[in-house]
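Residue numbers (the working numbering), protein chains in the order written: chain Y, 1 to 123; chain C, 124 to 298.
Certain hints may be false.
Reference listing, derived: stretches of chain Y covered by chain C, where coverage requires no fewer than 3 residues with Cβ under 8 Å from a Cβ of chain C [unchecked claim]:
(1) 14 to 28
(2) 77 to 90
(3) 100 to 106
(4) 112 to 119
Taking lysine-lysine and the BS3-like style, the derived pairs with C-alpha atoms no more than 30 Å apart in a straight line are [said to hold, decoys possible]:
(5) Y/Lys91 <-> Y/Lys76
(6) Y/Lys76 <-> Y/Lys66
(7) Y/Lys111 <-> C/Lys286
(8) Y/Lys76 <-> Y/Lys23
(9) Y/Lys66 <-> C/Lys178
(10) Y/Lys76 <-> Y/Lys3
(11) Y/Lys41 <-> Y/Lys111
(12) Y/Lys111 <-> Y/Lys91
(13) Y/Lys111 <-> C/Lys178
(14) C/Lys178 <-> Y/Lys58
(15) Y/Lys41 <-> Y/Lys66
(16) Y/Lys3 <-> Y/Lys118
(17) Y/Lys41 <-> Y/Lys118
(18) Y/Lys91 <-> Y/Lys118
(19) C/Lys178 <-> Y/Lys23
(20) Y/Lys118 <-> C/Lys286
(21) Y/Lys76 <-> Y/Lys41
(22) Y/Lys118 <-> Y/Lys76
(23) C/Lys178 <-> Y/Lys76
(24) C/Lys178 <-> Y/Lys75
(25) Y/Lys66 <-> C/Lys286
(26) Y/Lys23 <-> Y/Lys91
It is worth saying that the hints were derived from the structure and are not from the lab.
Where is the CB? At the ideal position from N, CA and C, for every residue including glycine.
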Amino acid sequence: MRKLVLTVDDSAAIREMLSYVLKSAGHKVIEAEDGMDGLQKALSRQVDLVITDQSMPKMDGITLVKALRALPQYKKVPILLLTTESSDSMKDEGRTAGATGWLVKPFDPTKLIEVVDKVTGGR
Amino acid sequence: MTRQQTPVRDTAASAGSHDLGSLVGRAGAALNLQCRAAHQELTQTQLLLANATRKLLDSFHAASHALAGLSTEVEDAATRVGENLLAASQHLQFSDLVGQLLATTEQRVDRLLLVSQRLQELIQALDAPRSDAQSSDAYAAGEKRAFLEAVAALESCGDSRVKQRDTGAGSVDLF
């Protein structure tokens, strides 16, 4: 089933790769270049899934997760952190903030689509 | 690699208690440590670049080869092209990893340069002719403080968040 996915990353290359992979799997994509931009786009349009980087200018990923979880319409929407960070302490912080999962870059495109389908209840 | 973090305020307050020899020794140790870290990060960057470039070329050559077969087996070729482009999309993420490594190195080198600049200013202040001993001492103390603040900033440079050494897929944890 086609989903609307919000991708948030300050790296244009990562946003482009995410869009390519998600669109090739039939999903629609909205891009944001930092946490603040992501929050504004999530507020302007309800999305089915958020995939966000952690370290970004203006607002980081974990702060974005907390901000989204504070909104009634995003209490149960899956949010994945996709980041170079791989420490257990950061993962714990993400889990406590309300993230659905933690993916370490580089992402495997096939695995990413499997995870997207799993957390959104697709296919 | 472990780096000590020295609060700037404490460092500045203790400026008057250091002699030039210990200041220069401390700067030398910090410069050495950070130069070695910068060297390691650049080596890691080169490894990432070489690995990703090889895999990108392989993926694109395979895609190109598959495209050449379109006239006889269109569907199979299109499938192979799609698979290779997906593989390329994983390895193209090297640019984000390398960008983060270079940003860390750039910050480290900027702070090295600041220490070097402040050290030169301090030595000039200490070597200046002393016509008015009181104002000369105050000037040198100010230069010492600026120098120690630059050293503290250098010492607080952290390790890069990027630990990857190739573009192999990262881990996936669902909570």
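Hint-by-hint comparison with the structure:
1. 14 to 28: That given contact holds, which follows from 5 residues of the segment 14 to 28 of chain Y lying within Cβ reach (below 8 Å) of chain C.
2. 77 to 90: holds (count 3)
3. 100 to 106: holds (count 7)
4. 112 to 119: holds (count 3)
5. Y/Lys91 <-> Y/Lys76: holds, 19 Å
6. Y/Lys76 <-> Y/Lys66: The hint holds at about 12 Å.
7. Y/Lys111 <-> C/Lys286: holds, 21 Å
8. Y/Lys76 <-> Y/Lys23: Given that 30 Å is the threshold and the Cα spacing comes to 23 Å, the pair holds.
9. Y/Lys66 <-> C/Lys178: With a Cα-Cα distance of about 37 Å, the restraint between Y/Lys66 and C/Lys178 is violated, given a limit of 30 Å.
10. Y/Lys76 <-> Y/Lys3: holds, 15 Å
11. Y/Lys41 <-> Y/Lys111: Roughly 26 Å between the alpha carbons, so the hint for Y/Lys41 and Y/Lys111 holds.
12. Y/Lys111 <-> Y/Lys91: holds, 19 Å
13. Y/Lys111 <-> C/Lys178: Between Y/Lys111 and C/Lys178 the Cα gap is close to 18 Å, so the pair holds against 30 Å.
14. C/Lys178 <-> Y/Lys58: Measuring from Cα to Cα gives roughly 34 Å; hence the hint is violated.
15. Y/Lys41 <-> Y/Lys66: With a Cα-Cα distance of about 16 Å, the restraint between Y/Lys41 and Y/Lys66 holds, given a limit of 30 Å.
16. Y/Lys3 <-> Y/Lys118: Cα-Cα ~12 Å, so holds.
17. Y/Lys41 <-> Y/Lys118: holds, 24 Å
18. Y/Lys91 <-> Y/Lys118: holds, 20 Å
19. C/Lys178 <-> Y/Lys23: Between C/Lys178 and Y/Lys23 the Cα gap is close to 23 Å, so the pair holds against 30 Å.
20. Y/Lys118 <-> C/Lys286: holds, 28 Å
21. Y/Lys76 <-> Y/Lys41: holds, 17 Å
22. Y/Lys118 <-> Y/Lys76: With Cα atoms ~14 Å apart, Y/Lys118 and Y/Lys76 stay inside 30 Å; holds.
23. C/Lys178 <-> Y/Lys76: violated, 38 Å
24. C/Lys178 <-> Y/Lys75: Violated: C/Lys178 and Y/Lys75 sit about 40 Å apart, past 30 Å.
25. Y/Lys66 <-> C/Lys286: With Cα atoms ~26 Å apart, Y/Lys66 and C/Lys286 stay inside 30 Å; holds.
26. Y/Lys23 <-> Y/Lys91: holds, 27 Å
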